[in-house]
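J.: My request is simple: use the sequences and hints to build the entire structure.
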Amino acid sequence: MVRVPVPAISHPPKSLRRNHKRHLKERIIELLLFLAASFSVFITFAIIYLLISESLVFFEHVSLWDFLTDTQWTPLFDDAHYGILPLVSGTAVSSLVALAIALPFGTIIAIYLSEFAPFAVREIAKPFLELLGGIPTVVYGYFALLFVTPMLQTIFPNLPGFSLLSAGLVMGIMIIPYVSSMTEDAMRSVPMHLREGSYAIGATRFQTAAKVVMPASLSGIAAAYILGISRAVGETMVVAIAAGMQPNLVWNPMEPAATITTYIVQVSLGDLPHGSVGYQTIFAAGLTLLLLTLIFNILGHLLRKRFREVY
Amino acid sequence: MNNTNNINEIRTIIARHKRWDLLALVAGIIALMIAVLTFIALFGNMVIDGMPRLTWEFFTSFPSRKPEIAGILSAWVGTTLVMLVTAVAAVPLGVAAGVYLEEYAPKNFITEIIEINVTNLAGVPSIIYGLLALGLFVYQLGLGQSILAAGLTLALLILPIVIVATREAIRSIPVTIREGAYALGATKWQTVADHVLPYSAAGILTGIIIGLARAIGETAPIITIGALTFIAFLPPSPVQDQFPFLSFEWLMEPFTVMPIQMFNWISRPQEAFQHNAAAAGLVLVLMTLLMNGLAIYLRYHLRKKIKW
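As you go down the protein sequences, you meet chains A and B in turn.
The opening residue of the first sequence carries number 1 in UniProt numbering; numbering runs sequentially from there.
The opening residue of the second sequence carries number 1 in UniProt numbering; numbering runs sequentially from there.
Be a bit skeptical, because a hint or two may be false.
As a list, the in silico DSS-like pairs of lysine-lysine whose alpha-carbon atoms are at most 27 Å apart [stated by the list, open to error]:
hint	chain 1	residue 1	chain 2	residue 2
1	A	211	A	126
2	A	211	A	305
3	B	107	A	25
4	A	211	B	18
5	B	188	B	107
6	B	188	A	25
7	B	188	A	21
8	B	107	A	305
It should be emphasised that the hints constitute simulated quantities derived from the structure, not laboratory data.
None of these values were measured; they are calculated from a predicted model.
T.: Structure below.
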């Protein structure tokens with residue numbers, strides 16, 4: 001029997017031993033990366049802290065009840081009223097007009113691209129829609145004021161130069177790409193065998209889309225709609241340019257009216273002294289806006305949980 | 001007899017379903033066409049109004065009270081400098097956060113908070129970032145209405161975009177690459193720095209370009225920090241001919257950017273200014289289209305080339 005010589009066990013050479021310097025460097029890098037990631041949490045806290053602290057000062061001057069029920073918003077006048085309702089109504093009307101365009105069109109485009117369109121069309125249409133979504137909002141504002149409004153005035157001669165209708169329409173067009181691309185992603189993630197099952201029992205493509213694919217991707221579609229809503233509510237430049245800056249408690253889209261975002265822009269364009277009540281109003285308006293979008297985001301989260309289908 | 005009736009009935013039903021199918025197809029094509037037509041109207045309208053103003057002088061002149069000699073010199077210089085600050089701030093921070101969440105983060109409560117938070121930040125309206133910047137950068141940190149304040153504001157705004165893009169790019173790298181590196185004795189950071197990051201660089205770059213394209217067109221947060229709209233001078237040049245050759249004075253200077261200049265011209269009553277707005281809008285749209293186009297090209301190109 002041949003004995004294989006066993007090498008004597010010795011400590012590994014120094015270069016292979018646990019290197020403390022190297023270990024320390026790894027830990028420091030990990031810490032730095034962690035700090036970078038936590039920075040986003042810091043941003044959220046900074047936003048919440050700032051909006052709430054400035055709004056608290058505002059609510060020392062104005063009671064919450066007046067803020068929520070007064071029907072006039074005239075903080076910059078001598079006879080100052082601080083009712084958020086006119087701004088909320090402007091936001092609601094312009095958003096509703098926008099959604100009336102964006103949700104149906106976005107959904108139809110998504111159904112077409114996901115269930116009907118040949119590969120080549122989809123490969124061209126998707127990047128095109130993405131480009132459309134990348135156009136700056138100020139450009140859409142220009143388009144609303146100087147193209148859509150004059151065009152609408154030939155149909156409705158009484159339409160004023162600024163209106164919620166034309167701002168809302170253009171906003172709707174602007175949001176179509178977001179809604180359609182998210183809806184399409186949701187529909188395409190439905191597994192192919194569900195469609196094949198539907199085709200096998202003789203359903204058409206439209207029936208398959210409406211009765212199989214859309215119910216199965218409802219959570220994703222709901223998320224897309226919610227994203228569309230919160231974009232419409234938070235949109236600033238289109239309404240600031242095309243809907244006018246006058247706070248107006250109206251429910252008629254043919255009228256001009258300011259939204260929450262428009263008001264913030266209007267105040268920022270003038271120079272209000274830091275610390276004045278006028279300065280704090282924009283933070284109270286901002287807090288209202290943030291709460292509105294937060295409600296929609298939470299709603300979206302719940303809808304997604306409620307309708308989630310797992311394959 | 002009954003049988004033929006039945007068959008006819010079935011044929012009618014099939015025909016009806018096929019009609020609906022055709023209707024849906026036509027509706028889809030029409031909806032897509034409307035989107036295309038809107039884009040053509042938007043672009044065509046701006047070309048008609050703005051093209052005559054797009055001369056060399058338009059790029060080399062300051063804004064002016066006289067519309068026919070006004071230009072966008074201070075605006076495009078301002079946009080370039082603000083974007084520089086935005087990129088320098090957002091890229092390292094966003095990529096580092098993406099790397100942490102994808103490669104380092106343990107599955108625990110804190111990680112979940114950070115992830116939910118990034119998703120939520122992406123949904124916050126841009127004007128809210130403007131309010132944050134107004135309170136934090138302009139007043140509490142005392143940066144004033146400077147290029148630095150504007151650049152940092154936009155950096156916060158695009159941070160979620162960069163983080164999400166980084167995560168997606170890193171996630172697409174197979175785990176075998178990492179295992180190979182570990183097997184050769186590389187540390188975690190060596191694996192990330194020498195393998196994961198270089199291989200996902202193009203994907204990360206795509207996200208950065210999309211983020212910057214978004215930042216270039218953002219108007220609302222810049223208005224909110226109170227940026228002046230009439231700037232007829234340039235900030236001091238970052239590059240000097242004397243030692244130390246670099247100067248950072250420009251960071252604290254007042255500025256204007258392309259979308260602000262355009263907004264300013266839109267809100268004036270004279271038609272000649274609106275032609276200037278169209279010309280500025282055209283430049284702005286071309287800039288964002290080029291950047292987004294580059295990003296889309298990169299992504300498609302990558303998808304075809306890389307096979308793990």
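J.: None of the hints should be skipped; say for each whether it holds.
T.: Tested hints:
Taken as a hint, the residue 211 of chain A and residue 126 of chain A pair is honoured in the structure, with Cα atoms around 24 Å apart against an allowance of 27 Å. Restraint check for residue 211 of chain A and residue 305 of chain A: the C-alpha separation of about 20 Å stays at or below 27 Å, so the hint holds. Of the supplied pair hints, the one linking residue 107 of chain B and residue 25 of chain A holds, its CA atoms being roughly 23 Å apart against a limit of 27 Å. As the CA atoms of residue 211 of chain A and residue 18 of chain B are separated by approximately 15 Å, the hinted pair is consistent with the 27 Å bound.
Distance restraint check for residue 188 of chain B and residue 107 of chain B: the Cα-Cα separation of roughly 17 Å lies within the 27 Å cut-off, and the hinted pair is therefore satisfied. The hinted pair formed by residue 188 of chain B and residue 25 of chain A meets the criterion: a straight-line CA distance of about 11 Å does not exceed 27 Å. A threshold of 27 Å between alpha carbons decides the hint, and for residue 188 of chain B with residue 21 of chain A the separation of about 14 Å falls inside it, so the pair holds. Between the alpha carbons of residue 107 of chain B and residue 305 of chain A the distance comes to roughly 21 Å, so the proposed pair stays at or under 27 Å and holds.
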